[in-house]
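I would like the entire structure built from these sequences, with the hints used as guidance.
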Amino acid sequence: MQIPILSWLVFVPLIGMVAVMLIPKERVSAIRWTATIFSGIAMILSFWLTWEYFVNYSDTAAMAFVEGPYDWIPTLHVEYFLGCDGISVPLLALTGLLSLISIIASFGIKERVKEYFAFFLLLEVGMMGVFVALDFFLFYVFWEIMLVPMYFLIGIWGGPRKEYAAIKFFLYTLFGSIFMLVSILILYFNAEPHTLNMMTLMQTAPGMTHTLQMVCFIFFFIAFAIKVPVWPFHTWLPDAHVEAPTAVSVILAGVLLKMGTYGMLRISWPMFPDALRSLSFWIAVLGVIAIIYGALVSLAQKDMKKLVAYSSVSHMGYCMLALAAFSSTQAIAGCMFQMISHGLITGALFLLVGVLYDRAHTREIAVFGGLGSKLPIYTGLMVFFSMASLGLPGMSGFISEFMIFVGAFGALNKTLVGIAILGVVLGAAYMLRLVQNVFLGDFNLERWGGLTEINGRELVTVVPLVILTLYLGIYPKQLNMLMSATIENMINLMAR
Amino acid sequence: MVQYLTLAAILFSIGLFGVITRRNTIGILMSLELMFNAANINLVTFNKFIAPETLTGQMFAIFVVVVAAAEATVGLAIVLLVYRNWRGISTDNFSILKW
Amino acid sequence: MTENAYLIPLLPFIGFVMIVFALRWKEKVAAGFSIAMILSSWVFSIIVLIETIGRDGAPYEAFFYITSFDTLNFEIGILIDSLTAMMLIVVSTVASCVQIYSLGYMKDDPRFSRFFAYLSLFCFSMLGLVIANNFFMIFIFWELVGLTSYLLIGFWFEKKSASDAGKKAFITTRIGDLGMIVGLLLIAGGCGTFNYNEIFSSVAAGTLSPTMLTTGLIFLFAGAVGKSAQFPLHVWLPDAMEGPTPVSALIHAATMVVAGVYLVARAMPLFESSATASMVVAIIGITTSVMAASIGLVQNDIKRVLAYSTVSQLGYMIMALGLYGYDTAMGEHSPGYYAGTFHLMTHAFFKALLFLGAGSVIHAVHTNNIQEMGGLLPKMKITAWTFMIASLSISGIFPFAGFWSKDEIVATASTHPVFMFFTLAVAFMTAFYMWRLCFLTFWGKPRDQHRFDHAHESPRSMSWPLAFLGILAVGAGWVGMPWLKAGFASFVYSGEAYKPHADYMLMGVSTVVAVSGIGLAWLMYAKQVISPDKMVARFKPIHKLLLNKYYFDEIYDFIIIRPVLAFGRYMWTFDARIVDGLVNGVAWLVMIWSDIKMWFDKWIIDGAVNGAGWVISSTSSLLRLVQTGAVQFYALFILASIVILAVVKYEVVYNDVSWPVLSIILLAGLYLLSLVSKSVAEKAKTAAAATATDSGEEEK
Amino acid sequence: MNEAANPGIVFWVLSAIILVTGFMVVSLKNIFHCAIALVLCLSGVAGIFVLLGAEFLAGAQVLIYVGAVAILMIFGVMLTSNLAGKKIIATTSNAMVAFFATVLFGGGTIVTIFMTDVWRYSSESLPIDNVMFIGKLLMTEFMLPFEVVSVLLLAAMIGAIVLARDEES
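Top line first, the protein sequences correspond to chains L, D, S and X.
Numbering follows our numbering, in which position 61 of the first sequence is assigned residue number 68; successive positions increment by one, without gaps.
Numbering follows our numbering, in which position 90 of the second sequence is assigned residue number 304; successive positions increment by one, without gaps.
Numbering follows our numbering, in which position 190 of the third sequence is assigned residue number 216; successive positions increment by one, without gaps.
Numbering follows our numbering, in which position 44 of the fourth sequence is assigned residue number 50; successive positions increment by one, without gaps.
None of these hints come from the bench; they were simulated from the model.
Quick caveat: nothing in here was measured; it's all calculated off a predicted structure.
In this text, a Cβ means the ideal position worked out from N, Cα and C, and glycines have one as well.
Any given hint could turn out to be false.
Here are a few chain L residues that face chain S, going by a calculated C-beta distance under 7 Å [said to hold, decoys possible]:
(1) Q337
(2) A367
(3) I372
(4) A373
(5) A418
(6) N420
(7) V431
(8) L447
(9) L452
(10) G456
Shown next, in the form of structure tokens:
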């Protein structure tokens with residue numbers, strides 16, 4: 008019997024949360040370090056898991072590190088069933104990394120520190136859980152668990168319109184969740200014997216009638232699309248991002264958005280291949296709209312965080328485009344790459360915007376200018392990630408975008424993909440506009456003379472992301488090897 | 215045997231009546247002792263007539279006696295405390311269960 | 027050495043990394059290290075060239091896969107053939123000269139070491155671009171040179187115009203790259219590989235349909251259009267002159283901008299299969315050439331004139347390559363390929379020289395405007411002479427390098443009358459504007475005495491590279507003399523060997539054209555026999571059109587940039603108003619609905635509830651009497667309840683009583699309860715009195 | 007069997023004493039008199055125990071109840087009430103209802119006793135050496151309850167001391 012590493016991965020943050028709650032709230036630094044240590048343990052576990060998976064399991068498509076299924080609520084056939092494969096392992100590692108980084112980035116939080124870190128660790132539990140759950144009930148529970156801390160994290164520690172943003176986020180996601188629940192129930196009652204086991208349903212669900220598949224598919228799609236977010240379900244995102252504290256934005260962009268695409272890839276795509284075939288064109292259209300639309304709207308933004316937020320819409324549009332091209336290995340692999348690299352890059356961009364916001368207390372693009380001469384390291388990092396975001400070769404964003412284009416071009420309508428490629432130019436336009444207006448040009452010494460260079464703690468949070476972005480951009484082979492067997496299997500499942 | 219049981223029943227009823235009606239807290243305690251004794255009579259009776267070989271009834275009675283003693287001690291201590299706080303031990307004084 | 031050719035791009039990269047992480051604070055060391063690295067690359071390039079000549083230009087290829095998806099392999103590798111070897115030499119030579127030159131030019135710049143870091147990064151990218159063995163890799167470096175170009179144009183980013191120009195360059199070339207991606211997807215995706223040779227053989231085997239190939243090639247060419255600043259994406263290059271002059275020399279004259287030409291040359295086996303695509307290439311080339319040359323006639327900024335000249339010359343090369351592709355597709359022989367690549371090389375040298383010379387001039391007089399210069403010849407001898415050598419070279423005067431390469435281009439165009447006409451027109455215009463520049467700058471009287479007094483010859487770090495390039499500007503063309511048995515043509519030729527022959531007729535024509543151009547310039551600006559002002563007055567509308575560069579910027583601004591920005595803003599409003607408004611509208615509807623429900627709740631449901639509540643509260647105020655708070659009373663109540671329940675149960679179980687009897691019993695129970703309540707009421711009355719008396723007694 | 011049917015004259019005498027004194031305990035107005043009546047009543051119960059062959063229990067009854075508890079009560083009375091000799095309303099106003107209910111309860115119980123006509127009498131008799139047997143049982147089978155009850159007593163004792171202690175001292 009091996010160690011139940013996935014359970015540990017999920018529950019270490021929970022233990023951390025309990026530990027944080029046991030510390031008196033005055034002992035702020037003890038709370039911070041406890042949270043850091045526990046999320047650090049989770050991160051190490053997730054990395055170790057990735058390594059183990061890479062070494063031992065990456066050539067098979069089967070679930071690894073499986074725990075269960077153990078009966079949990081036998082009357083409902085609910086099981087405790089965890090497992091991971093090539094598409095969840097990288098996301099687990101990403102979650103572990105970004106959680107730790109976010110917690111370190113949250114050291115600046117001054118008020119209600121104890122609750123903050125407790126919520127954050129709970130959030131990590133939910134995120135980890137979603138990526139390892141193989142039982143629909145468990146999946147749904149983890150999916151909903153995340154909502155609560157997220158709501159409070161935005162609603163308590165957020166910006167001026169935090170309540171609005173928090174409620175909007177909450178309602179939006181809950182709205183989607185309801186559809187998901189209905190769909191899960193349809194699956195449950197259509198399976199004979201009734202079951203909530205994803206692996207079993209993966210085999211039986213494609214046998215459902217076309218109509219039923221369509222219903223389930225669309226319901227799941229709404230739930231996941233809100234999370235991604237796919238145009239036109241995206242309007243919660245800018246508000247939530249702008250109002251949320253920096254670290255929460257990082258998690259939001261880095262991990263939460265991925266749960267939507269992960270859900271599609273894990274659940275709705277392989278389970279309802281008939282429906283997928285009927286709808287793939289429209290999904291691609293939505294993806295292309297998101298790419299262009301997000302980029303155009305980014306171009307008009309005055310607030311840095313909002314710009315990055317809308318660029319997320321655009322970047323996740325690439326994921327949707329890739330998912331629509333479900334028959335192509337390159338596209339699906341590109342989608343995974345895009346998920347990871349968007350997590351890294353956008354996470355870093357939010358961190359960096361947060362760094363500037365901490366010092367200047369504004370995020371308006373127009374008030375800055377010429378910071379390049381005053382803050383060279385900060386500028387270097389920002390330019391680096393802007394370039395990564397616009398898909399410069401040598402960084403992870405390029406690999407993913409290129410892969411997606413290659414895959415989608417072969418599998419989808421060429422004109423559509425051609426329009427999507429326009430997003431590359433628009434991406435360059437809005438990122439360069441940001442860089443130019445903030446970092447280049449005249450420096451307003453009077454107003455910004457007091458700005459200080461990025462400090463050590465903030466560097467610690469950003470540098471790992473720099474390294475990973477470069478690593479994935481220059482040598483994507485290992486990540487690809489990690490995923491390829493699973494992706495092959497996925498494609499076979501979707502081709503049923 | 216029914217005679218013993220009847221005696222116990224009557225004694226118990228008397229005790230019960232006392233518990234309900236006595237105004238004096240110590241009186242209530244005394245009535246409680248009556249009820250305990252009624253129960254003990256029952257236990258010993260059953261022991262003698264139904265299951266003499268094990269002596270379980272007597273054992274129980276002994277424990278009841280002990281517990282009763284403990285109860286009396288604590289009860290009286292409480293009464294003393296009440297007395298000190300309320301300057302009286304009439305049950306009219308403390309209807310604090312009603313708020 | 028060929029096996030280790032990957033070192034050639036890698037060395038400058040090491041330079042970049044070292045400067046950024048280690049040598050940043052020691053400016054001199056940083057610059058020295060960077061120069062040492064590029065010089066090593068230069069030496070290696072020479073060795074590679076020699077070895078390649080030794081192999082008779084046979085290609086050498088080595089690569090490894092970075093990853094593969096499905097059957098599509100992504101590889102990093104090197105391909106050394108004659109074209110690559112030639113490009114390596116060009117790039118490393120110019121880069122070395124420019125870096126040395128920068129020592130002097132950038133001496134007092136606060137970001138001195140950063141400049142060298144960027145230059146090193148550029149050299150890495152550019153050398154990587156030319157050494158690549160597949161389209162994926164070329165695209166990577168293609169983007170990287172774009173990045174370094176962006177960084178270097180905006181090097182003096184405090185200037186708004188500089189950062190604007192950087193952005194413009196990046197985005198404009200990205201538009202071309204977009205086409206390039208599509209082209210790659212069409213061609214490489216269609217063939218299932220990125221590797222040059224595999225694609226070439228695959229296309230030769232007819233994997234792609236002709237339409238697909240043509241479309242793909244035109245899209246691919248869009249990348250070259252962007253990078254090589256061809257019409258209609260040429261607008262970024264003149265603006266890119268905002269960058270430091272060495273950058274203009276290196277990136278925007280000699281190397282990066284010829285990447286597009288290189289791409290076309292590299293993909294020539296494909297263009298050979300598609301006459302349509304080749305024709306498009308040729309037409310774009312000549313259009314650009316004519317347009318840029320005509321704009322160059324009237325510009326007053328020394329660097330902009332050179333920039334337009336660059337664009338024009340690049341158009342030349344592109345045209346030559348396109349015509350070659352067309353001719354070959356038509357089954358005819360053509361020197362175009364040889365002409366294009368040859369001109370690429372010679373142009374790189376003399377244009378770099380021109381830019382460096384211009385930089386030297388600017389360094390001396392601190393202005394870009396040629397109208398404020400004049401008479402600098404005696405003050406800056408080396409600069410002036412090398413500049414004029416380069417001008418002769420670009421004008422195509424025997425025996426300078428430009429003569430040989432331009433002659434081949436003319437030879438290529440000679441079979442196509444229309445092209446021939448425009449080619450000669452461009453040659454004329456080129457000679458004119460170059461010598462207009464020379465005469466205005468170095469001849470005549472100083473037009474701005476203050477600046478003239480200030481002028482001086484540049485330091486040796488700047489003049490020596492000029493001299494070196496001057497030699498190349500003369501001699502680089504000699505390798506391509508038509509009389510050579512194994513000259514440039516046989517070296518670089520990709521297909522069957524082309525034997526260049528000296529066509530004295532064409533040589534004569536082009537020389538006449540060039541000389542007449544120079545002569546006109548001499549008459550107008552040196553002798554001033556013909557007044558330029560009069561000419562301007564006579565051709566006022568045309569002059570204005572040219573001065574404003576055919577209003578390209580304005581047109582783009584009007585039909586592309588503004589609409590896109592406006593569209594973005596509109597979309598944002600749309601997003602905030604409509605999409606989000608929809609969401610909020612739904613929320614609003616829900617609110618209205620809940621208002622209605624609230625009204626209903628308040629008056630109907632709440633009414634019922636309140637009614638019930640009233641009943642309950644009045645009942646409970648009665649029942650409240652029962653809650654005396656006296657424990658004994660509760661005990662009594664429990665007792666009474668036990669008794670009643672026992673009786674009821676007894677009756678039901680043992681006597682099987684009917685409901686009437688039971689109700690009598692219950693009535694009895696109720697009577698009991700009423701007694702209880704009665705006693706309670708009494709108690710309530712007496713309680714107060716009792717406490718009063720108790721406390722009264724206590725006091726006694 | 008015979009004994010079960012007819013308990014003999016001593017029983018009736020003891021019963022009378024118990025019931026009368028018991029009723030006195032709950033009804034007398036003077037609480038001190040009540041305490042005296044309680045002593046008598048408990049002594050009567052001890053007698054009943056002797057009749058039932060529980061000599062040890064009878065002894066314990068006398069020692070604990072009569073000796074300790076009742077005296078404790080008397081002390082309690084004297085400590086708490088300076089009205090030891092006074093006459094106040096002894097019963098609450100619920101007396102009538104309570105009487106009625108108790109009579110019903112007791113009557114019901116007695117009726118139940120008499121109606122249960124199949125008592126499963128045992129044919130055996132009590133062990134001769136009653137006390138020793140109880141001692142053995144206490145040390146073997148009822149060891150744990152015994153210990154527990156000791157602890158309980160100790161706790162009660164300490165609790166009583168803590169509760170009754172004067173704050174000043």
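Hint check results:
1. Given hint, Q337 (chain L) at the interface with chain S, holds; its Cβ is 4 Å from that chain's nearest Cβ, closer than 7 Å.
2. Taking 7 Å as the C-beta contact cut-off toward chain S, the hint placing A367 (chain L) at the interface is violated, the least distance being around 19 Å.
3. A cut of 7 Å between beta carbons decides the hint on I372 (chain L): the least distance to chain S is about 14 Å, and the hint is violated.
4. The closest approach between the C-beta of A373 (chain L) and any C-beta of chain S is roughly 14 Å, which is over the 7 Å cut-off, so the hint fails.
5. At about 10 Å, the closest approach between the beta carbon of A418 (chain L) and any beta carbon in chain S exceeds 7 Å, and the interface hint on this residue is violated.
6. Look at N420 (chain L): its Cβ only gets to about 13 Å from chain S, farther than 7 Å, so that hint breaks.
7. Given hint, V431 (chain L) at the interface with chain S, holds; its Cβ is 6 Å from that chain's nearest Cβ, closer than 7 Å.
8. Proximity of L447 (chain L) to chain S holds as hinted, the smallest CB-CB distance being about 4 Å (cut-off 7 Å).
9. Because the closest C-beta pair between L452 (chain L) and chain S is about 12 Å apart, greater than 7 Å, the hint is violated.
10. This hint is violated: G456 (chain L) has a C-beta 15 Å from the nearest C-beta of chain S, more than the 7 Å allowed.
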